[in-house]
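Could you put the whole structure together from the sequences, leaning on the hints where they help?
Protein sequences appear in the order of chains Y and P. Heads up, the first sequence is in the working numbering, so the first residue is 1 and it goes up one at a time. Heads up, the second sequence is in the working numbering, so the first residue is 1 and it goes up one at a time.
Keep in mind that a hint or two might mislead.
[Unchecked claim] From the structure, some residues in chain Y lie toward chain P, with a derived Cβ separation under 10 Å:
#1 A166
#2 S169
#3 D175
#4 A178
#5 D381
#6 L433
#7 P436
#8 I440
#9 R523
[Unchecked claim] If you anchor each label on the Cβ, the simulated ranges turn out as follows:
#10 P:R67 x Y:D32: 29 to 39 Å
#11 Y:S630 x P:R67: 58 to 68 Å
#12 Y:E536 x P:S4: 45 to 55 Å
#13 Y:P485 x P:S4: 32 to 42 Å
#14 Y:G585 x P:S4: 27 to 37 Å
#15 Y:R690 x P:S4: 48 to 58 Å
#16 P:R67 x Y:P484: 43 to 53 Å
#17 Y:T593 x P:S4: 30 to 40 Å
#18 P:S31 x Y:F171: 35 to 45 Å
#19 P:R67 x Y:T655: 44 to 54 Å
Just so you know, the hints here were simulated from the structure itself, not pulled from any lab data. Glycine is no exception: its CB is placed at the ideal position from the N, C-alpha and C atoms.
Each chain, letter by letter, is given below.
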Amino acid sequence: MNEFIEQFLIEARELVEQGTDDLLALETRPDDRERLDSAFRAFHTLKGAAGIIDFAAMARALHAAEDVLSAVRNAAEPVTPALIGDGLSALDQVLQWLDAIEATGEPPMDADTAADAIVARFAGMPAAPVEAETVQPATQAWLDALLTAFPDAGDRATVALVYRPAADSFFRQRDPLALVEGVPGLLGLRLTPSEAWPDLDLFDPFTCQLTVTALSTAPRSEVEQALQPVLDQIELVDLSPGLPGGPPVHQALLEAQILMLGVADADGLSGRMASAARVCANLLRNLDRAAEIVPVELALARSLDAGNAAPLTAAIRALIDQPVAPSEASPALPVPTPLETARSLRIDVERIDALVRLTGELTVIKNAIGHLAGQTEDGADAKVLAARLKDQHGLLDRLVGEFHHAVLSIRVLPLRHVFQRFPRLVRELGLSLGKPVELIVEGDETQADKAIVEGLFEPLLHVVRNAVDHGLEDAGTRAASGKPPTGQIRLRAERRGEHVVIEVEDDGGGVDVARVRQVAEARGVATAQTLAALSEAGVIDLIFAPGFSTAAQVTDVSGRGVGMDAVRAAVERMGGRATIVNRPGLGAAVRFTLPFSVMMSRVMTVEAAGQAFGVPLEAVIETVRIPRDSILPVGAAQAFVLRGRTIPLLDLANTLGTRESARHTDDAIVVVAQVAGQRVGLEVDRLGGRMDVMLKPMEGLLAGMRGVAGTTLLGDGRVLIVLDLQELLE
Amino acid sequence: MSVSQLEDGTIVLEGVCPIEDAEPLLRLLSSGPGAVVDWRECDGAHTAIVQLLMASGARLQGPPRGRFLDRFVGPALRGSQT
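Here it is in structure tokens:
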């Protein structure tokens with residue numbers, strides 16, 4: 001990919017972020033002039049950037065958005081939720097294009113259709129050219145049955161669909177109903193057997209024998225998009241909302257109001273506005289859309305105040321454009337793409353300067369050592385030389401430390417990079433689950449290693465989704481316990497020493513421990529006996545156990561089945577821990593404690609079977625000497641008792657498969673480590689010191705070796721193998 | 001496993017029932033006529049499961065917990081029985 005495109009991608013992503021931020025802020029404060037200007041600038045600059053790389057479709061789509069924002073700036077149009085939604089979807093589309101460019105290095109060829117849809121949205125027209133399909137008699141049967149089944153919905157529906165899944169759909173990993181569930185604006189559903197049901201004895205559960213018919217209020221293009229993978233098995237019929245003969249009349253009536261308001265005559269304007277609003281209200285009541293009267297009346301009030309028909313005109317225009325309020329829409333959850341791995345970084349010049357300075361100092365030391373080498377040849381006094389060498393070593397030591405620090409800090413990113421995706425997602429989650437939610441982000445400037453920032457999105461998404469879905473109570477329960485109706489999710493990051501702590505906290509009802517017990521037992525995560533012995537915290541921790549969360553709870557969000565066990569696994573892969581802090585009645589917090597840097601590890605060196613090994617220091621609890629006669633055989637294995645606790649004992653040399661070493665010592669030297677929540681004792685021959693190591697992952701033939709996290713070189717040239725205890729003990 | 005049977009014969013669907021549950025459910029449904037299926041704890045079900053509920057004509061004890069099931073699938077199943 002050429003540098004030009006790379007630069008474009010970096011800038012465009014920043015602009016999309018900026019635009020998204022601004023639009024979300026505008027949604028809460030529609031009068032925020034500064035945000036409006038900033039959003040306009042973001043769209044405008046994005047459009048310009050698209051022009052520079054000759055991506056006409058993107059420029060066209062953004063131009064349409066820019067026009068509307070410009071109208072808003074000139075106060076010709078109000079900021080409506082619909083406008084915010086359109087703006088956000090336009091930015092979403094831009095992101096998809098950017099991903100495509102990043103993947104191929106070129107603007108996608110098929111961008112025109114998507115651009116058309118965006119332009120149409122902003123132009124206030126139904127997206128995608130609607131081929132007026134006359135209803136053929138052949139299709140009538142299912143349609144009639146559907147309209148009869150939902151007499152009320154028939155008036156509001158824009159599209160009717162019949163989906164005849166192929167008999168082998170299940171084998172193709174399709175779940176037809178799940179696809180239909182994703183259709184926006186679903187009003188009603190009918191299920192019919194494709195053929196008469198066979199006897200249960202002859203029933204093949206893996207053959208799809210259902211036909212699905214449904215009504216939706218969404219535009220045809222959106223329905224098509226939701227059913228994209230199976231469009232060949234689908235028949236869509238356009239229905240005009242307000243059948244029969246309704247929409248043209250209604251639309252014409254609304255258009256007439258706009259015309260009337262547009263007459264440039266100050267006389268009787270307020271009377272005309274009131275009358276137009278009354279006509280709209282009557283019309284809406286007649287269409288059974290009384291809920292939409294309120295915005296019209298609000299717009300009327302604003303128009304009357306301002307002596308200007310613009311707000312009311314816009315409200316009426318919105319009625320024409322949006323046939324039905326999306327309140328009934330089924331929860332079509334956003335399917336976010338995983339965080340793109342930033343292949344290029346923006347780095348503070350100061351950090352580069354620090355590297356340059358350090359390189360200079362290293363050169364000085366190199367010269368000094370060269371000088372010393374020369375002196376050695378000339379037969380200088382060994383003691384003096386040794387002292388000078390030691391000095392230089394001290395200097396070098398300090399410089400390498402600083403160098404290391406400087407290099408790592410280049411890999412450091414603020415967590416903002418991952419946090420900024422959440423306001424948008426939480427907004428959509430809240431809408432789709434019908435729960436008002438407010439997201440409070442704290443400490444998004446906290447920094448962490450690039451690998452961590454990039455690895456955090458998926459586990460965080462899952463936890464946030466859980467917090468909104470299961471953490472926050474419904475409105476009724478909240479009111480009963482005296483909480484404000486809007487639930488709060490806090491996304492918080494904080495640096496604590498060598499760790500970064502990230503929390504997702506909700507102000508819901510907290511974890512229902514009794515329910516966790518129940519579910520854990522029902523799903524076979526733990527036996528009743530184990531459960532009885534567990535402390536409350538232990539029970540809550542079972543939420544992270546494999547098999548506790550049902551896979552499909554999250555499939556609609558992340559696109560594949562992951563439970564909280566996957567969250568914990570992801571966090572542990574990054575060298576961190578995931579825990580839950582419960583405050584019954586007040587909410588719960590999921591806490592990730594992650595290392596600040598993933599490249600540097602602190603290890604304790606041990607020796608076993610004549611080889612040096614490193615054990616990650618964060619896993620080591622203590623080292624003890626155990627008299628041989630206190631080691632008890634347990635079946636084929638061994639264990640010992642430490643302060644009233646039985647701990648299994650493993651011989652490290654044996655575990656690694658090296659030759660068993662003869663024991664001469666009276667006491668066993670044991671490293672007690674915590675691995676995946678369990679304590680385990682590792683017998684070693686000798687204990688070494690602690691050291692900081694830069695791990696080199698195993699490569700080539702050794703890459704697949706289990707139980708080894710990586711290697712590093714010791715001062716005497718020996719290789720230190722750093723163990724991955726969790727993998728080793730599995 | 002999200003399909004189980006109580007002592008009184010009621011079949012219970014819990015959580016999200018994937019396609020893997022279709023076979024055990026079919027076994028339970030065909031073991032006796034007039035089966036009762038309690039899906040109050042059910043969050044979601046694969047089409048294969050819904051299709052089985054429909055073909056067997058089992059009596060459903062609801063409402064199911066999943067929104068889609070409750071709002072759309074439940075009514076569709078009831079509609080098919082009349």
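Verification of the supplied hints:
no. : hint                       : result
1   : A166                       : violated, 12 Å
2   : S169                       : holds, 8 Å
3   : D175                       : holds, 5 Å
4   : A178                       : holds, 7 Å
5   : D381                       : violated, 80 Å
6   : L433                       : holds, 9 Å
7   : P436                       : violated, 17 Å
8   : I440                       : violated, 27 Å
9   : R523                       : holds, 8 Å
10  : P:R67 x Y:D32: 29 to 39 Å  : holds, 34 Å
11  : Y:S630 x P:R67: 58 to 68 Å : holds, 59 Å
12  : Y:E536 x P:S4: 45 to 55 Å  : violated, 27 Å
13  : Y:P485 x P:S4: 32 to 42 Å  : holds, 37 Å
14  : Y:G585 x P:S4: 27 to 37 Å  : holds, 32 Å
15  : Y:R690 x P:S4: 48 to 58 Å  : holds, 52 Å
16  : P:R67 x Y:P484: 43 to 53 Å : violated, 24 Å
17  : Y:T593 x P:S4: 30 to 40 Å  : holds, 37 Å
18  : P:S31 x Y:F171: 35 to 45 Å : violated, 26 Å
19  : P:R67 x Y:T655: 44 to 54 Å : holds, 50 Å
Hint check: violations occur at hints 1, 5, 7, 8, 12, 16, 18; the rest are consistent with the structure.
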